[in-house]
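**Q** Here are the chains, one letter per residue:
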Amino acid sequence: MENIKATRRDFLKTTGLTSFGLALGISSFAKDATVKKIVPAILKLEINPFIVIDTAGNITIINPRPDMGQGSTQAVPSLLAEELEVSLDQVKIAQSDGKDKYGNQTSGGSSSVRSLWEPIRKAGAAAREMLTEAAAKRWNVPVSECSAKDGAIIHNPTGRSLGFGELADDASKLEVPKNPKLKDPKDFKIIGKYNKRLDVPERVTGKAVYGLDVDIPGMVYAAILHSPSLHGKIISIDDAETKKVKGVLKVVKTERPMPHRTSEAVAVIGTNWWAALKGKKALNVKWDNGDLEKTLSTDKYFAETYEAAKKDGINYEEKGDFSAKYASVEKKLEANYETPFLAHAPIEPENAIVHVKDDGSVEIWAPIQGPDWALRDVCAYMKVAPEKVKINVTLLGGAFGRKAYHDFLLEACHLSRELKKPVKVIWTREDDISQGPYRPGMLSHMQGFVENGSITGYHHHAIGESIVGQVFKGLKSDEADPWLSEEISMNNNKYTFPAASKISWTNVKTDIPIVWWRSVYASNFGWGQECFIDELAHLAGKDPLKARMELIKDDRFKKVLETLAEKAAWGEKLSEGQGKGIAVFKSFDSISATCITVTKKDQGVSIDKVVTVIDCGYYVNPDNVKAQTEGNIVMGITAAIKDGITFTNGVCDQSNYHQYNIMRLNETPKMEIHIVDSGANPGGVGEPGLPPIAPALGNAIFAATGKRMRKLPFDINNLA
Amino acid sequence: MANYNLIVNNKKVKVDVEPDMPLLWVLRDFADLKGTKFGCGMALCGACTVHLDGQPARSCQTPVSSVSKTTKITTIEGIGDGKLHAIQQAWIEEQVPQCGYCQSGQIMSAVALLKEKPSPTDEEIDSAMSGNLCRCGTYDRIRRAIHRAADTIKVSEKGIGKN
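Protein chains in written order, with the working numbering: chain A, 1 to 720; chain B, 1 to 163.
Simulated from the structure, these hints should not be mistaken for lab results.
Positions of the beta carbon are idealized from the N, C-alpha and C atoms, including for glycine.
Take these hints with a grain of salt, some might be off.
Claimed, not checked - Quick list of in silico lysine-lysine cross-link-like pairs, DSSO-like style, CA-CA up to 30 angstroms: (1) A:Lys149 x A:Lys137; (2) B:Lys14 x A:Lys196; (3) A:Lys207 x B:Lys117; (4) B:Lys14 x A:Lys711; (5) B:Lys154 x A:Lys600; (6) A:Lys325 x A:Lys494; (7) A:Lys670 x B:Lys14; (8) A:Lys92 x A:Lys137; (9) B:Lys154 x A:Lys207; (10) B:Lys14 x A:Lys246.
What the hints assert, rightly or not - So these bits of chain B aren't anywhere near chain A, every CB distance computed over 12 angstroms: (11) Ser68; (12) Ile76; (13) Ser109; (14) Arg141.
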């Protein structure tokens, strides 16, 4: 019984509730998700209390998707509020802590609304039905005469009402309906409508608390000197000058645990972070770099990818005999499209506070995308049970995939265990940019052909380091990367080539750490796919839009392309020196198409306008769909025309924003975003806007100048 | 270590820190004003922007010893005078922030711009705001919000004039 009480008390504490009332959880996130009732006696069971209505009428939802700017703090409660018939400001949000009972809790793969769409609405509808039934019983009237409105149940004929809080206890004694009736989308009051995000005010007043803003009593600060060659071994540490810095407490040999290997590092511990940083700069550490100066090189890596492009890869899928057909046709093309390694570079650098306590328990405060993954990583690294780890997720000052890679968090774990104190690790911008992990650089080897004026054959050979392989150690040597299915498979891009088509893969390995970056491989392979389709269209003597319409049978794709043609005035006469380019890409279940207009200017072009059309199925807030797409336009252009990450002689050539530039306000072109309301199941929103951006720009440049860009990034002011 | 008497958001603040400590870390870790953010440490991103006597300055490159005891330091926590500044209100109306981390710096740059140029052109916005990076890519909304705030201020000043 003690355990139960403790669990209940903890839960009430987490959610800030005073009493229990009605609590509902969700059994799974599969299509057949069922809603379960949580009573205090079964709280110890591994069932997720997602939604709680206490006897004071407070409604709390546990948000299982940390907010890194994508808007989960609005999207998730909206799903509940809609079905519960309450307004958004009536729902309080608590962040989940990574425990199994909350299921998948990672913000990634543009999954928040996609995966929570059914289960949270079901839970909301179930709660509404239970509260309604409780009220009907209290009044002794038929349920059909009662309805929910603004946090109360109304008896329609008499106008009597009872607040949710007054009904919560009664409702909790009722059976949970197996198939609660979800609202008809035409009756939605919140979903699909413009609503201001309620946490914007705290983000414009400096009150929002990001990881970097958390202070814990008794904590010390760590600045970490990482190996300049990422994986060098320490020969000697001279810390004489460091120890003279006021505020420096200690110099500790430590480590940076990455999924594919652990590297040595030196931490300077200080009473404040500035002192620790000064101490770090004063360190004199000698490194044995072994053969890293030769092996850690992006030139070497890309040379290997171009070699691989000359050979056959492992087939992922093939229709017809592409190679035989390709050998026999006359009108054919072959090209290599290259994308660089990229840093995520969120403006909030990686940081974490960890306190390993005397009893061996671990408490964490950190801006992380997935407390569930973090919990798993921390338990494995620290060899502790999940019950002994408490994770407090803070707001994330940007992430884009980076903060679901836990090297910085495990560094803080290691240091706190050594120092027996709460330790706050803060990475410098230089650590962030020159240490990785990065989006992998990739090569797309493209082949295709034209018969009788139509594109009939296509081959995309994807070449590079595999995230599945390096991060998850899950790629067999005779296997094509399975993640190609979500990105460039024919089933995903919906192109149909009458003669033959093939998708193949070659893994080129590197020790440069890699990880997912906004839209994952789609950000790489969209470049090759969509520029090459453009090349084939020109070879066939066809308009690039019409050529795509001929190849695509899918109605949603067609509608998106038709809408783009209309909104971007495709086909209308252009001014002298102007050119328009289009690209379309489906990722994370959403289709996004972009038209970019450029004008020739000196040795380069300027971007006049970007128009994007997105079909993401049902969405929560159209303004947030637009905001995310605006962000994807800016990040997509940055990836095309700013800096890539390169390694020369074992060291990253970029260290801060002066060498790894990101687009600025004065460079931001005019943009326009249109949403196609398809009424399909929700797709992702945070990432799908990015993949078509670079190829639309490349195709626009070809249209304006006749220059075919095949390697990213390029200098938009000097295309020579 | 040395004692510094600072005026932050019209309040006297006394700190005992190293002379070369940037104002950023003094504000965050010694004055408990966490709204000013660390982004790059090289005055490249603008997340640490504060006002020194009304002028925008990158606090990550401003040693505390270079700030005189009569200099008025204003941070994101101090621009509203207890209520929301027109810029902050416009930021809410246009739903500018995504993650929001860079927005303290963006807002400080925008407030300084409007003081200097109450009706800025797009070119003037470009030049005043190009030092503030936003990785979420909220630039289009920042531009709209600055125009909106400028309009709001004009309207409210006209109102005062009539009285």
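**Q** Run every hint past the structure and note whether it holds.
**A** How the hints compare with the structure:
A threshold of 30 angstroms between alpha carbons decides the hint, and for lysine 149 of chain A with lysine 137 of chain A the separation of about 18 angstroms falls inside it, so the pair holds. Between lysine 14 of chain B and lysine 196 of chain A, the direct Cα distance comes to roughly 40 angstroms. Violation of the 30 angstroms bound is thereby established for this hinted pair. Proposed proximity of lysine 207 of chain A and lysine 117 of chain B is supported: the alpha carbons are some 28 angstroms apart, at most 30 angstroms. Between the alpha carbons of lysine 14 of chain B and lysine 711 of chain A the distance comes to roughly 55 angstroms, so the proposed pair goes past 30 angstroms and is violated.
Our distance criterion of 30 angstroms between C-alpha atoms is broken by lysine 154 of chain B and lysine 600 of chain A, whose separation comes to about 39 angstroms. Between lysine 325 of chain A and lysine 494 of chain A, the direct Cα distance comes to roughly 21 angstroms. Compliance with the 30 angstroms bound is thereby established for this hinted pair. Between the alpha carbons of lysine 670 of chain A and lysine 14 of chain B the distance comes to roughly 47 angstroms, so the proposed pair goes past 30 angstroms and is violated. Restraint check for lysine 92 of chain A and lysine 137 of chain A: satisfied, since their Cα atoms lie roughly 28 angstroms apart, inside the 30 angstroms limit.
At most 30 angstroms may separate the alpha-carbon atoms for a hinted pair to count; lysine 154 of chain B and lysine 207 of chain A meet this at roughly 28 angstroms. Restraint check: the Cα-Cα separation between lysine 14 of chain B and lysine 246 of chain A comes to about 19 angstroms, which is no more than 30 angstroms; the hinted pair holds. Remark: the non-interface label on serine 68 of chain B is consistent with the geometry, its nearest Cβ contact in chain A lying 21 angstroms away (cut-off 12 angstroms). Residue placement check: isoleucine 76 of chain B does not keep its beta carbon more than 12 angstroms from all beta carbons of chain A (closest about 4 angstroms).
Not every Cβ of chain A is farther than 12 angstroms from the Cβ of serine 109 of chain B; the closest lies at roughly 10 angstroms, contradicting the non-interface assignment. Under the 12 angstroms C-beta cut-off, the non-interface status given to arginine 141 of chain B relative to chain A is violated; the minimum distance is some 7 angstroms.
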